[in-house]
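Peer 1: In order, the protein sequences belong to chains B and A.
Counting with the working numbering, you get residues 1 to 841 for the letters of the first sequence.
Counting with the working numbering, you get residues 1 to 279 for the letters of the second sequence.
For the record, the hints were derived by calculation from the structure and aren't laboratory data.
Please note that a few of the clues may not be correct.
Computed footprint of chain B on chain A; a stretch qualifies when at least three of its residues, placed anywhere within it, have a C-beta under 8 Å from a C-beta of chain B [to be verified]:
1. 40-52
2. 76-87
3. 208-221
4. 227-241
5. 249-258
Okay, the calculated bits of chain B under chain A, using three or more residues with CB under 8 Å as the criterion [unchecked claim]:
6. 37-49
7. 581-595
8. 615-629
9. 649-657
10. 707-719
11. 815-827
Predicted, not measured: the structure shown is a model, and the values here were computed from it.
From the three backbone atoms N, C-alpha and C, an ideal C-beta is built for every residue, glycine too.
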Amino acid sequence: MFLGDDAAAGGPFALLGITHETKQPPVVSAALHRRLAQVDSHPLRLTPEADELRLALHAAAAQVMNPALHAELVRHWPEGTPAPLPAAWRTHLSAVSDKLVGRARLIVGASGGWNPKARTRLAHLARIHRVSAPDLIRALRPAVPAVQRSGAIRRAVIEIIPPGSTGKLWAGMHAVLGVMLLALLLMLLVELSAERTPTVQAVADPPTAPSGAPPRTESTRSVPGPRRDLDHHTLIEQELRNAMALGPTQPTDAASRTARAIGVFLRSWTAMPGEARERIAAQSARVLLAVAPSEEAVSIVLDAVMARREASDPAERAAAEALAAWWQAWPDLPRSVRDQIPAITADPVTGRFDAVLASALNDWVRRGLAKDASDWARWSEALAACGGAHGSARIQSRLAALETMLSPSSPLSGPGLSRAMESVAGGLSWRSGEPSRSWLIEQLEEPSIPSDRLAVLTDVLATRLSVPGVDPSMVLAAGAGEEARMSLSSSYRAAWVAMSGVDAAVREEVLSVLTAALGRGPGGSEKDRLSTLLALARANAAAAALFMDDPATAADLLIVPPDRSDPGLTPQQGASPLDEVWASSVLAMDNPEQIMQALRQARGVRGRIDPAAAEAILLQATHGSGRELRELARDTVITSSWNEQILLALERAAIRRPSVAVGRLITEITGASMPPATDPGWHHAVRSALLPLIVERISADQPGDLVYAELELAELALRRAGGSGEKPLLASLVAETDAWLRRNTLPETDRLSPRAIEARRAGRADGIRASTQLTAIQHRAMVEAVGGTMAAQGIRPRSSVDREMERLAQSWADAERVTDQLIASFQAEARLWRSLLEGSL
Amino acid sequence: MNCTLPLAMAVLGVLLLGMAPRFDPEAVLRSLDPSDPASYLRAAEELIEHEAAIRLGRETLAIGALLSAESDPALSAGMLITLASVARTGAERHALWGLACELDPTRSEDRRWLAGSDQHAPDDPARAARALMLLRLGDPEALALFENAGGPRRIVIEEGERLGHDSVLINAVLTRWLGNVRDDPCRGRLVIRAREGGVFRTRPCQHTQFHHGVRTDREWTMMVGIELSLAGSTPDTWPAQARVGLDAAVPAWTLDRLARVYQISPDRPVRRAGGWTAP
């Protein structure tokens, strides 16, 4: 029915269509494939009978190729009828005419006999006349038995290759070429028209082939069908690999299988290892890429994930959001596909898939999607499963979750709240170094947190969780007032402080100094405010030294030096002989000796100098008669340059009567080099040299606190940076800020990243020239860098750092003087250090 | 006869002007949509082109900046920069730029070339500082510099405001000092040469009331602070800076401050019946 009547003659030879001589494996294999192709092209190729026939063909080929069986089979079974050769392969045997034979004989003779040269020329002759070279050679030979010759003619070319026969080499070559071509055709057919069976999917066969379709060969590249269960991550991975193989040709099927695998993954990801999640996420993106040309397939996959975004299970929902974010950030996916994925998580996708999962879980908290305690339990379990995420991120998520529960707007209360807090707080270690400790103390001291909710949390910590250092007496009463809360806060602080390590004493001292400095009010008077500023700066420097693991410097910095402030260089304001009368008399004098006498008297004078007297002295210095007088007047100007009126007179002289002499005077008093008096920059140079000095002289009557504060701050900043000697405060702060920015590893998109901090600092400093203001700006940048580093390293909850920065911004906006801004930023830094030390103790 | 054509054209012009549609700011503000903060920028750009509607334009920009600060800080910063371009004072402009940089730190890179684009020429502050110095020293040349149109008065006042001084006070001091220079018979000189009894003698000028440059009082320190700031040469020590008022707080507005200054609120983003109301 499938192969014709000849094949049904019986035995393997008839079945395969080969002669008894055929036993070489390549030839038998070729015959087998020919027969299989015949079966595949039959309309009933999909029936069980066809399968039986295929099986029989394979068995026959195996028997024939077995040398031990071959002789036995020849004895029992008739030989088969080989398939006719393709027309193009047929030799033109009838063309071996006598004339051609005669010509061949001449060639053999001319070549000097039967040698390689003769064989080559004969092969050439055979090709020209399109005859088989072996037949031409055979025709040259003496007569052979007719039976033998007719058999050889009847057999296929591939069967007349006697080893060592040069003439049959051509036939062998043709045969090999034929087999290769056949194999090539088979492969091509397999690619184009592979079959699909119920259990095996052919890669290239469309699901509904028309009955009149051209013959196809059996598929060699196949993809297993979908498994019933995907209850292990390896099965999900394999399913995604299969889907990816199907993707280019059958995108819809691939998408359906992917959607199913992803669905299982989203439901069960918490039970998988982190590496498996990473692989599955990446594999799913690759499948999406494979089916990207088909909009239908893409929407099948995306819909499967987007539908899960509304799942009630927080783990499933977060996984769906994380996977969508992961795809959205997958660089190889076409923009058209990525644009179909709505932005879900606020945080940028960086690092491992677990980090994205943790971020999505954090987002779930931010959006306040928790309904009951079981939600929180599942959320906590999911967060704990995100082992590949940064530990600090997970800690911060839990603290944020606890903050949500502490909020008065939280729907949870009673036993539900307690259970939820237990499941979330149970994921924290509450040990030294974890920011949870400082966070709890902060909550106890924050008046806006309701006491009844804090009571539940402290009860959970003290009675249900084995939090180190916390006993049942450390539970807040439900209606506790501010005093009770502060008392309990102190208890927690004491309990955790008591557990500190080697440098406990120093740490405790630094902590108490920080607390004391923060407890000081801003102060009403300038002196009080500067004292507060210095106390904060000292405490901050000690804390920073401790952070840098240098307790010796920290202890040293805590030693407060004796008050070095002085009442200022208050000049004598009393009457002096250099008044207007003196000026008039000097101006009226014509005798240089008299003028010199008056000037000598003026040199030792301390006190107020009348503007006219200063003007008179300057006039003598520039226009006095005689060199000696002018020199004496200049000496008087220099020795009296402590007085602002002398400097103002010098400035007037420089503007009204510019000269080399005035330039020299300015240089001698200020140290500034002056351009020539005719230079266009003369005015600017005069002002730059004299006016700041005049202002300094005027401020000499200010209290010395500001001078002292500036010096003290510079010294503290220098010691904190580990330097010695003298360095301006601003330079030390810049160096310290740079060091903190290097420790800060937050991504560029973060508000507290080094780039953002530096850009804001530059923005604030634009147009600012006063060193006090620049110092405040630089210190604020340093506080931001410290906060960013603490957040990046997970040693302080991000929400807490953000709150601190907002508080600092508000204080800066409300400040009137730069001193207030400096105090605000030093306070912010002190609060950061205090909470850090509380957490690490 | 010769006047007929121009007269006719004038009449036609007047008629056409009368027929031109009048600009209605309230109509522009009706397009505002609080869920689309960019609509505030679009409306404000139209409003600030009309002098009469510039106040509404500022308010619209401020509300838009408040609405988009959380969702789109870059847009919010863009609106603040637009607002800075129509700010009422130099100090306000400076503060708005600072707030824009807070919201979108990348703006600080644009600031140097964008912030000054609508202000003064680069050498204007230096010229103003020189004029102020001459005025402080009582030099009559200061009169010509200050009384010319486009003189340095505005620059001095703006710089003073930026440093935290009252613009009214600065203006009053400038006016008085200019009066002193104008009225001083000694022309700013503390020592003059005058004929006495047929002989020329040098003596102190008796009109010391006009010599404001020698009285180092609060006015003087304020003006010196402005002059130093304009000239870019500030004293090194903190006490000296404090003395001349260079220790004012660094302008650091927050969104709350913005809302207070412009008396607007993100809770009242809709324009209705001539006022800002809740949606």
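Peer 1: Compare the structure with the hints numbered earlier in the document and write down the numbers of the violated ones, lowest to highest.
Peer 2: 1, 2 and 6
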